[in-house]
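S.K.: Here is what each chain is made of, one letter per residue.
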Amino acid sequence: MHAYANPARFLKIARPLTGWLGLVGGVLLILCVVYGVLFGPADYLQGDTVRIIYIHVPAAWLGMAGWSGIAIASAMQLIWRHPLAGVAGRACALPGAVFAAICLATGAIWGRPTWGTWWEWDGRLTSMLVLFFLYLAYMALSRAERDADGESAGEGRMTAIFGLIGAINLPIIHYSVLWWRTLHQGQSISLMKGSSIDASMLWPLLGAAVGASLLFGAIVLMRMRAELAETKLEMRMRRLAAS
Amino acid sequence: MKAKNQRLILIVAAVVAMLGAVLLAMSGLKDQAAYFYAPSDVLRSPPALDRDVRLGGMVRTGSVKKLADGVTIRFVVEDERHAIPVEFKGIVPDLFREGSGVVAEGKFVTPGQFVASNILAKHDERYMPPQMAGDKHKTGRVS
Numbered sequence: 004m005h006a007y008a009n010p011a012r013f014l015k016i017a018r019p020l021t022g023w024l025g026l027v028g029g030v031l032l033i034l035c036v037v038y039g040v041l042f043g044p045a046d047y048l049q050g051d052t053v054r055i056i057y058i059h060v061p062a063a064w065l066g067m068a069g070w071s072g073i074a075i076a077s078a079m080q081l082i083w084r085h086p087l088a089g090v091a092g093r094a095c096a097l098p099g100a101v102f103a104a105i106c107l108a109t110g111a112i113w114g115r116p117t118w119g120t121w122w123e124w125d126g127r128l129t130s131m132l133v134l135f136f137l138y139l140a141y142m143a144l145s146r147a148e149r150d151a152d153g154e155s156a157g158e159g160r161m162t163a164i165f166g167l168i169g170a171i172n173l174p175i176i177h178y179s180v181l182w183w184r185t186l187h188q189g190q191s192i193s194l195m196k197g198s199s200i201d202a203s204m205l206w207p208l209l210g211a212a213v214g215a216s217l218l219f220g221a222i223v224l225m226r227m228r229a230e231l232a233e234t235k236l237e238m239r240m241r242r243l244a245a246s
Numbered sequence: 003m004k005a006k007n008q009r010l011i012l013i014v015a016a017v018v019a020m021l022g023a024v025l026l027a028m029s030g031l032k033d034q035a036a037y038f039y040a041p042s043d044v045l046r047s048p049p050a051l052d053r054d055v056r057l058g059g060m061v062r063t064g065s066v067k068k069l070a071d072g073v074t075i076r077f078v079v080e081d082e083r084h085a086i087p088v089e090f091k092g093i094v095p096d097l098f099r100e101g102s103g104v105v106a107e108g109k110f111v112t113p114g115q116f117v118a119s120n121i122l123a124k125h126d127e128r129y130m131p132p133q134m135a136g137d138k139h140k141t142g143r144v145s
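Sequence lines, in order, name chains A and B. Residues in the first sequence are numbered consecutively from 4, following the working numbering. Residues in the second sequence are numbered consecutively from 3, following the working numbering.
Keep in mind that a hint or two might mislead.
[Said to hold, decoys possible] In silico DSS-like pairs for lysine-lysine, Cα to Cα no more than 30 Å straight-line:
id: 1; chain 1: A; residue 1: 196; chain 2: B; residue 2: 67
id: 2; chain 1: B; residue 1: 109; chain 2: B; residue 2: 68
id: 3; chain 1: A; residue 1: 235; chain 2: B; residue 2: 6
id: 4; chain 1: B; residue 1: 109; chain 2: B; residue 2: 67
id: 5; chain 1: B; residue 1: 109; chain 2: B; residue 2: 32
id: 6; chain 1: B; residue 1: 6; chain 2: A; residue 2: 15
id: 7; chain 1: B; residue 1: 91; chain 2: B; residue 2: 67
id: 8; chain 1: A; residue 1: 196; chain 2: A; residue 2: 15
id: 9; chain 1: B; residue 1: 32; chain 2: B; residue 2: 68
Rather than coming from a laboratory, the hints here were simulated on the basis of the structure. Since the model is a prediction, treat every value here as computed from it, not as a measurement.
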C-alpha cells in the first residue's frame with residue numbers, strides 16, 4: 004500500500020479509474036433498478052411495494068460499507084501513518100452519510116404501507132439513525148480539526164480515532180435484528196443459511212448493490228483527488244505569498 | 003520494537019477491548035431493548051394493568067373475528083408457548099393477516115385481555131413472486 008503513498012503515483016491510477024468505476028457502476032445500478040422496478044416480479048405478500056428494496060438495500064449496504072471504509076482508513080492512518088489514509092477516510096464520509104439518509108428515507112416510505120408506520124424506535128431503525136448522526140459528527144470533527152492551527156493541524160488524528168470508535172455501531176446494526184425483538188424483519192441474506200429472497204429478485208438486487216458500490220468507489224476517488232488538489236493549491240499559494 | 007508495531011498492538015488491543023465491552027453491554031440489554039413483549043414474557047412477568055405496552059407475536063390462524071359493529075376485531079396473538087386475546091377498534095395495515103406477524107400497541111385491561119389502540123404488521127424476511135409462494139406460504143387475508 005505504501006507504493007501509493009506518493010500522491011503522484013496514486014493520481015496516475017486514480018484518474019482513469021474514477022471514470023471507469025463511475026461509468027460501469029452507474030450503468031449497472033440503473034439497469035438493475037429499472038429491471039427490478041419495472042419488469043421484475045412483485046412480492047407474494049407485499050405486491051409492488053417490495054420494489055423499493057432495489058434502492059433501500061444497496062443504500063443500507065453502502066451506508067455501512069462507507070463507515071467500514073472510514074474505520075479501515077483510520078486504522079491505517081493511526082498505525083502506519085499512511086499519508087493518503089486520512090484523505091481516504093474523509094472522502095468516504097459524505098457519500099456514506101447520503102446513502103444512510105437514503106436508506107432511512109426509503110425505509111420510512113416502505114414502512115408506512117407495509118408495517119403501518121413511518122418510524123418506530125426499534126433496534127434496527129434506531130441504530131441506523133445513530134450511524135447517520137455519526138457521519139454528521141465525523142464530518143464536523145474533521146472540518147474542525149483541519150481548520151485548527153497548531154502543531155498537529157492537518158493530521159486529523161482525533162478524526163481517525165473517532166472513525167475507529169464509531170465502527171462499533173456496525174455490528175450493532177447488523178445484529179440488532181438477531182439480539183433484540185424488532186419490528187424490522189430478520190436478515191434475508193446470510194452466509195450460513197443462504198438467501199430467503201427468491202432468485203428472481205435476488206440477482207437484480209445484488210447487481211444494484213454492486214453497481215452502487217462501484218459508483219461509491221468513483222465518488223470516493225473523486226473526493227480524494229479534490230482534496231489532494233486543494234492541498235496542492237494551498238501550498239502553492241503559500242509559497243507565492245512567501246516569495 | 004518498532005514504533006509502528008507498538009501502535010499496531012495498541013490499537014488492536016483497544017479495538018478488541020471496546021468491541022468486547024459493547025457487545026457484552028448490548029446482549030445484556032436484550033430484554034430492555036426489546037421492541038415488544040411476546041405472550042410468554044407476559045406470562046412470566048405480567049406488565050401492570052393500564053400501562054402502555056406493545057404485544058407482539060403471530061396472529062393465530064382462524065382467530066380473527068369481526069364484531070357486529072363492523073369496526074372492532076378480535077384475534078389471538080401467540081408464540082410457541084402462549085396466546086393472548088386482543089381486541090382492536092380501527093383500521094389495520096394491509097399486511098395484517100392470519101398466520102403473519104403483528105405488533106399491537108395498547109393496554110391490558112385484565113391480566114388475560116389486551117385492548118390495542120394501534121396495530122402494526124410485522125412481515126418476515128422472505129420475498130418471492132406470488133406464483134412461487136404456493137399454498138405453503140399463503141397467509142389468510144383479513145377482509
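S.K.: Now tell me if each hint is right for this structure.
M.R.: Do the hints match the structure? See the list:
This hinted pair does not check out: residue 196(A) and residue 67(B) have alpha carbons roughly 37 Å apart, beyond 30 Å. Simply put, residue 109(B) and residue 68(B) have alpha-carbon atoms about 20 Å apart, close enough for the 30 Å limit, and the pair holds. A hinted pair counts as satisfied when its Cα atoms are at most 30 Å apart, and residue 235(A) with residue 6(B) qualifies at roughly 28 Å. Only pairs whose Cα atoms come within 30 Å are accepted, and residue 109(B) paired with residue 67(B) is accepted, the gap being roughly 20 Å.
For the hint linking residue 109(B) to residue 32(B), the alpha-carbon distance of about 22 Å falls within 30 Å, and the restraint holds. Between the alpha carbons of residue 6(B) and residue 15(A) the distance comes to roughly 28 Å, so the proposed pair stays at or under 30 Å and holds. About 12 Å separates the Cα atoms of residue 91(B) and residue 67(B), which keeps this hinted pair within 30 Å; it holds. The suggested pairing of residue 196(A) with residue 15(A) is violated, with an alpha-carbon distance near 42 Å, which exceeds 30 Å.
For the proposed pair residue 32(B) and residue 68(B), the alpha carbon gap of about 36 Å is over 30 Å, so the pair is violated.
Against the hints set out earlier in the document, violations occur for numbers 1, 8 and 9.
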